[in-house]
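Put the complex together from the two separate chains, hints included.
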Amino acid sequence: MAHATSETPAPLTLHGLSVEGVNQCVHCGLCLASCPTFSELGTEMDSPRGRIVLIRSLAEGRIGLSDSTVQHLSLCLDCRACETVCPAGVPYGRLIEAAKAEIERQRPGGPVRRAFRWINFDLLLRHPRMLRLAAAGLRLYQASGLQALVRTSGLIRALPGTLPAWEALLPPLPAAGRAPLPALTPAAGARRGRVAMLTGCVQSVVFGAHNRATARVLARNGWDVVAPAGQGCCGALNAHGGDHARALEMARRTIEAFEGERVAAIVVNTSGCGAHMKAYGTLLAEDPAWAERARRFAATVRDVAEFLAGAALRGPLQPVPMTVTYHDPCHVVHGQKIRTAPRALLAQIPGLRVVDLPESDWCCGSAGIYNLTQPEMAGRLLRRKVRHVLGTGASAVVTANPGCILQIQQGLHEAGSPVRVLHIVEILDRAYSSEGGCAPLPNLPPPSAAAKPPLERGNSNA
Amino acid sequence: MATLTAGRKPVLRRELEALVGADGVLSEPDELLVYESDGLTLFRALADFIVFPTSVEQVSAVVRLANREAIPFVARGAGTGLAGGCLPAEGGLVISLMRMNRVLEVDYDNQIAVVEPGLVNLHLSQAVGPRGFYYAPDPSSQQACTIGGNIATNSGGPHTLKYGVTVNHVLGLEVVLPDGEIVWLGGRTRDALGYDLAGVFVGSEGTFGIATKIVVRILRKPQAVKTVLAVFDRIEQASAAVSAIIARGLVPAAVEMIDQLTIQAVEDAFGCGYPRDAAAALLIELDGLAVAMETQAERIVAACRDAGAREVRTAASEAERQLLWKGRKSAFGAYGRVSPAYMVMDGVIPRTKLPYVLGRVNEIVAAHGLRVGNVFHAGDGNLHPNILYDPRKPGEEARVVDAGAQIMKVCAEVGGSISGEHGIGLEKADFMPFIFTAADLAFMQRLKDAFNPRGLCNPGKVFPTRKSCVETGPVAYRPHAIETQGLAQRF
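Chains as they are written, first to last, in my numbering: chain A, 24 to 485; chain B, 3 to 493.
For reference, chain B alone in the conformation it holds in the complex (with noise of 0.2 Å):
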């Protein structure tokens, strides 16, 4: 990859105008600061220009220009991701997609939406919400990330209990390779015929190339929906609830537990209606036929109560339901009322692993002097432990970085894994090696160099980097800025 020299950098400014308009460009350092990082800030990193192309020609142009410069680029929707994923490598291009954000096309019959990656997932279901459908698949942070997004990190959310996560909901999809090409994968229908190249899309977190369309699922909207909330004196209660409702046979929508701190930040922010001295409390979801909640509703609330729930009450209005989903889903900016900073993690674990996983984490978080809260999808094993600390005080990063790999760690020796949703990005490259053989991950570089062979496409995520010996790619090892920080170290 090539750099761009200052004398380059005008003439190259120059030419992305002409392709998408001088208000589609920019280079100011306040601006460009202002991208260099996603929700984990963490991980900072400075592109040299920040484009915004509106048709699917003009990404094409952009990437085609990109790669004659022989310069990285990377897709960005709202920035809301958690892992580092769409951070520019030093230097380069972010194409950032939130001017194409129109739903193109509803087929209600059909059921399916044709949408443009900006979108924000929300504004899908509030467009086709009016005759009765939604779009399942709901990440904690929909009110603002985009379905483009979606796609990069095969977003789940709570109800991926139930319906899957987005992969499940995706059809096809118009992509810009990373040398410039435009084509489709996957097409509009259930079954779409030779290799299923949309699900191998979906996840590859913007190193396989810019989704420029997407279709998608839509969903009819649940006859009845219930909503259980349990309150527990004890983690281990509501760990042992969440095995009991599920070895009952019942499959609720989504089962999330908050833990305490958790609990009182989203009280202090919204006033959502969780009991504040509560050790933790699980939000249960039914949805489906009318005829069939109750008697559902009634063996989940029993199943609560036998592992000890101090209460156990239904939401008795939608808007009571409403509030305590916001708080749920508030729940990683809540931390913002008690800690300048927090960096989440992701692992996924099997359920009954619950207690003990819980029980490492709270160590090492304490044994590295820093504090954590737990909101998570608990029904899934998909814990986010959230790592609360200042970046002002020296050495604290450090210790986030450290505590988090140990955390990793923990979840691959119980036989989880180091992501469920949130993809790997920047943070978690360096714990691929936990989960996967180093013939696992040189099968997966052949595939992201089947479509991605100069490596220009989103450099530096996914695959752990050549000190350990995986990468077989052309991408010469650089120190990241936070190594050269002296903030992590490769290993």
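Chain A on its own, in the form it takes in the complex (with noise of 0.2 Å):
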């Protein structure tokens, strides 16, 4: 028998951003109990597979972007856990970011909401002195105690939309002055090469410390780190937010901050950052004049971890007697495939005993703002990780990402309990310091007023 060939179907797309991906899906389902929505909703449309759908469907047109279509694309963490279990190797975080970006042009939203995006967007993470001015504001509502008051006096729950939700994140901000990374810092001992560091936008304001604490670790094993002048955000929160025209900006901006260093890794200890810096070949592959350009520069993105990991630690490390237990961040072990490393270099501390965390690579329920956009479903990912996390009796839990250690640390001080949440700079970092596991944790502000349990939907999941 044979059969006239047809012509290739015209690709499929979403105001022109390929989502092509969708036709891998042969719709198996393996995907759905990996996924955290699913698995608290057990809805289809809340599934991996039940959005590639709708992508699908919206795409050749057989539905339009509806408010129910809205929601339940909404409700993806992104977490990309099901690319992990996905045997069809479904691009599902291209297809998502896709869906997001047509969300955002067809529904911009009212004026208060496209306000917001665009100070987020437009003004504090495309300019790193507005966003420190920023930082130095609500330094500012912390320190004079207006905060304790706001917390307090349950005027927080007068704020409006997912203000709240903002203010119960809020972590102490470090006071003003603490320096930012200097543009070198040389290694110790002998000398095995020169690295560059992404010091990141909120990172460099909120967690400099894990700035410091990287820069002295990989010193410590040998290396020069450079933190290239002019870098700025990477543009991740814009691509997940939908914000595609801007990523694409912020991404060539942060390739020219990067591409004059001859390094051998540019070393990144956010994982959105890196997964998404690790994906420029992709993002910019439609543009001639950087498409080369991006390929090479994600080709030498390294986290830290990874990074680290590539050769034994450089001795001689100091015992950090503590229990601890190590979450995945999604953007670590989905996003970048990594989950041996970081278990690998604990393993390498004297004294410290890691006790496996139940469902570790699950998302926490911070993926990027999506704690604050979605608070609901947020809160209820965060308490089941708080379960997991005190039920292995662990006195810290060790991760690599900002986001996760400030929900996870919420989590865990509105449950009451003490247990603290570091990134794995900080507890490298101590093992490397003289005083070992003595050093003192910071201090943590009072839980917030605003932390209710939001709802919960009629799932019988114990």
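It is worth saying that the hints were derived from the structure and are not from the lab. If you're wondering where the values come from, they're calculated on a predicted model, not measured in any experiment. Some clues are possibly wrong.
[To be verified] Partial list, derived from the structure: chain B residues whose beta carbon lies under 8 Å from chain A:
| # | residue |
| --- | --- |
| 1 | Pro31 |
| 2 | Glu33 |
| 3 | Leu35 |
| 4 | Tyr37 |
| 5 | Gly41 |
| 6 | Gly81 |
| 7 | Ser143 |
| 8 | Ala292 |
| 9 | Ser332 |
| 10 | Arg339 |
| 11 | Pro342 |
| 12 | Ala343 |
| 13 | Tyr344 |
| 14 | Arg394 |
| 15 | Phe436 |
| 16 | Phe438 |
Just so it is clear, CB atoms sit at the ideal spot from N, CA and C, and this is done for glycine as well.
Below, the structure written as structure tokens:
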């Protein structure tokens, strides 16, 4: 029997962004049980397979962008746990980002939401100085006692929209004047080479301590660490938030800031940034002027644990006599497929006992700004995470992403637990410090009065 | 059966919400679209409502409401089925059991567990694993599929060869009958009194009612496990090795065959360690007492080598064993790397006919201008030819359906059957006369009528349609959507 071969069907797109990847999904459903939102709700529109059906149907014009469709697509964490288990290799992260960009295009929202996005995506993330200014304002809010007043007086519940959730997550901001990372941190001991570090946008303001610890640990392992001036936000938050155009612009700027440096690697200590920067090659593939530069840049990006685990840690390491457990940030374990490196590093620290965390590779609900846009689901996933953490009996959770750290720390705090959340570079840095594990932990602010348990939905899942 | 009018829908929605809560009813067009097919995308049908009960009382109340309105209903788990078995009739209710997913009780001394139908198969083994137990039926979709769905299709899995299928592991069930009544079939012990109604219910594909509690056996994990990978340059050699293993009186826990196209797909997916240039590989697992393991393994290796295996190796670690199994169990999904869609067949044949039938499968598929990947339970003679196609290309779906029918015929002709474990569902209903006489089917219909006299519970499945002169039930003939689209015809 002979069959005429018909021409290849037109590629599927959403307003110019390819979603051709939906055709890799054969609907086997193996992703369902690994999806946190499906696990919580049991509804297939809130599963990866179901969302792929929605994205495909949107691209084919079978459905329009209804309130319902927006809600189901927006409920996706973009944690990419489904990619890890998908046998068909569906590039789910790219599909959901295209869908979120389409939502933003069609549903920019009212003036308040648009202003809010403009402040975040346009003003703060693109302009490091504005971000530092905003941080100074918030620092004043905390230092003046106003925060304590807002939290204890219940005034917080009067704040509109998602502001109470934002407020509750606000970490204690370090005092102004804590120096940003020096342009060069020279290697200690025998020099191995030179690496560059992404200092990040929010990271450098809120968690400058992690950046300094990262540089010290890299230096102790023989690396000169440079922090190129002129770097800003990598654009990951914009891409995840559906702001594709500015994500492209910020990717180009980041590449420009780094490509003059002759380094063995660009080291990143924030998982969302690392995963996003490793995908610059795909992001800019359609731009002839930038495709090759982006590909070269992406090939040198390394997560800090991935980079350090490439060789044995240099001694001497002081004992850190603690029991910890490790939480896999989504964009390390699913976005970058790094699972063994952080555990291998922890195993080298003398005195440190590492216990397994059930569902360690499940999203904690932080997911970029998800905990602010979808507080109910974020809260459910956070309580699930906290329950597992408390079950381990560990005195600290080690992880590798600022979002996870803020989220899990808040959840533990609200549960009345003294368990602390540490970045993996903090615990490595302690092993390199003379006091070892005896260094004091930072203080935490009082819990927020906004923290009330969101409504449970009718899932009997215990 | 009645079709809901536009005016009736809001009324019914309010009534359903009163039964299961406002967040337990879906009726938005995009939401219904997501539920229009299961793991077999060839068949699609839209429901009026998807309903999420959380207790047996709620299931019963929803079923009674459907009876009052004379609208069809069907239970659904994870929707990983491969025969369209949980598709709605055009319209009516899908009753999702995904919010009834608890392990209710585990009695380790008596080796039973009581579970809800929406529990994921693998989650049961994970729940009892720390105490050294597991649930033996292991369909390849076990990381996502539910025990309730396994009950419907009487699921098998690679370890069926030694441990049997789902029905061998179910002792009793609480069932909401198609009229809403709640009954227990079977019990908590191995030999329940009276008719073996639990045995009758398992494999009834959702046409006898909805299981709401299930008493299953849990087994002690075997003392020792050995996994052997045998690699062949010709597929006939692999087939011969399977026969040789069984002929030598060896009873492995599993004997799985994977062909070259499938190996390449799973290697692309997870890099599991199958050689890409092999024509076929056998994954053979032995389990049991440690003391006999070495000699058994040696005899398996010898049988494979005698059949012409170019390489035979034993998994050196648990990690390597898990990776080999991950490849095998992800095979269907991995076809997504080589094709936008596939239809899996589920034929059973006498083991000795393997080389002949595999040859015929290749001829049939090639004659239809399509490709096929084979990955299957060779020890049981349970074939899974996966016909790859592109639904966007005009005419391909119709060719797939036709090739599938011809393959089913070949399986029947050599003395086999048209389904090993996936069920008949919608997909194979019209192939039933290949295997059963009119009298056989009429008797089955009487049994179904005893459980499901009004035909509202999962209509249109298992039995060939009225046009084939067998259906005697009250269901009026309506052309299915795929018929009106010209994708399939009834015969």
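Looking back at the hints listed earlier, which ones does the structure fail to meet? 8, 15 and 16
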